[in-house]
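**Student:** Sequences are here, hints too, so could you generate the full structure?
Protein chains in written order, with UniProt numbering: chain A, 1 to 187; chain B, 1 to 187.
Source of the hints: derived by calculation from the structure; they are not laboratory data.
Given the structure is predicted, the values throughout are model-derived calculations rather than measurements.
Warning: the hint list may mix true and false statements.
Same chains, same label: a pair holds when it works inside one copy or across any pair of copies.
Restricting the straight-line Cα-Cα distance to at most 20 Å, the calculated cross-link-like pairs of lysine to aspartate or glutamate (EDC-like) are [unchecked claim]:
1) Lys175 / Glu162
2) Lys187 / Asp122
3) Lys175 / Glu154
4) Lys113 / Glu81
5) Lys62 / Glu39
As a plain string of letters, each chain reads:
There are 2 protein chains.
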Amino acid sequence: MLQTALHFSHTLLRDVIHEGDCVVDATMGNGHDTAFLAELVGPRGLVYAFDVQEQALANTEKKLIELGYQARVTLFQQGHEMIDTQLSTETSLRAAIFNLGYLPKGDKQIITKPDTTEQALDALLPRLLAKGRIILVVYYGHFGGQAELKLVQEYCQQLPQEMYNVLTYQFINQKNNPPILFCIEKK
Amino acid sequence: MLQTALHFSHTLLRDVIHEGDCVVDATMGNGHDTAFLAELVGPRGLVYAFDVQEQALANTEKKLIELGYQARVTLFQQGHEMIDTQLSTETSLRAAIFNLGYLPKGDKQIITKPDTTEQALDALLPRLLAKGRIILVVYYGHFGGQAELKLVQEYCQQLPQEMYNVLTYQFINQKNNPPILFCIEKK
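**Tutor:** What follows is the structure, given as structure tokens:
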């Protein structure tokens with residue numbers, strides 16, 4: 001079976017992340033990707049994970065403790081627009097992941113916003129290592145989702161091809177708005 | 001590095017094709033994909049390969065002889081609109097590949113056409129096995145290319161999601177019109 005966008009996001013991360021790497025989970029949510037990243041970076045690596053919602057941090061922390069991964073993850077109860085403030089400009093990142101939309105099973109009123117997504121991307125790109133990847137899995141079926149999708153599309157399309165490859169991976173015959181994956185790879 | 005559309009087409013084929021399978025190369029060209037498919041299907045398998053151009057058959061035959069794969073390939077000097085005529089309705093196909101555009105290093109006046117592409121797809125879909133894949137790598141920078149891209153997009157989008165998954169894989173920040181990959185997977 002063809003991989004879903006979510007599965008393919010993990011394949012693309014697994015391809016580039018090695019033990020000891022620093023990476024960012026820009027949308028912690030229930031901590032699913034945070035835990036996945038923590039496994040990939042190993043005991044010498046570091047995951048910075050961001051979310052505004054207290055429930056997201058509680059769920060993620062619980063998951064990390066169960067897996068024994070707490071020491072390799074730093075959780076911020078802040079939106080990903082704070083990446084630039086929280087991460088030193090010297091930090092070299094191998095990868096970052098965004099799941100844009102709302103927290104699954106959470107409050108559908110609390111959604112990610114185009115302007116903070118843009119701020120986060122502006123902070124991540126200069127810190128990204130060569131061959132590093134930023135992946136955005138964009139859910140856009142909810143109110144406000146189309147505006148965010150448009151921002152991501154336009155932001156990605158204008159990235160200079162001399163410095164970045166930008167890929168989209170998308171199912172086009174489905175009526176239930178499956179997420180679209182964007183992958184920005186630094187050359 | 002992110003796989004090019006061409007590389008990813010091979011990954012998607014390798015995932016599903018096994019020894020003994022029957023598959024179609026709808027656009028033989030210089031025989032690159034024909035040889036790749038012949039390797040995957042092995043000595044008990046069969047590749048049906050189509051091209052209108054004599055030079056394509058000559059190049060492909062030479063390549064197959066060098067590799068010792070002649071016995072597992074049937075070459076047709078006919079366009080892929082003849083698939084329905086040449087293949088029995090009983091033929092079960094695991095996969096098919098199209099490289100739409102023109103023969104690399106060949107006559108740029110001889111291009112693939114939307115109407116024959118549609119006829120070929122209409123013939124392939126009912127012969128495709130469950131979990132089988134039809135892959136189209138669409139070059140669209142040349143004269144007539146946009147019309148073909150539009151046909152493929154519209155054809156794919158209207159395929160019922162109960163029966164098919166249709167994926168696109170595309171680089172979106174490049175000015176040299178890199179090809180777009182479409183993958184139709186039968187459920």
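**Student:** Honestly, which of those hints from before does the structure not fit?
**Tutor:** none
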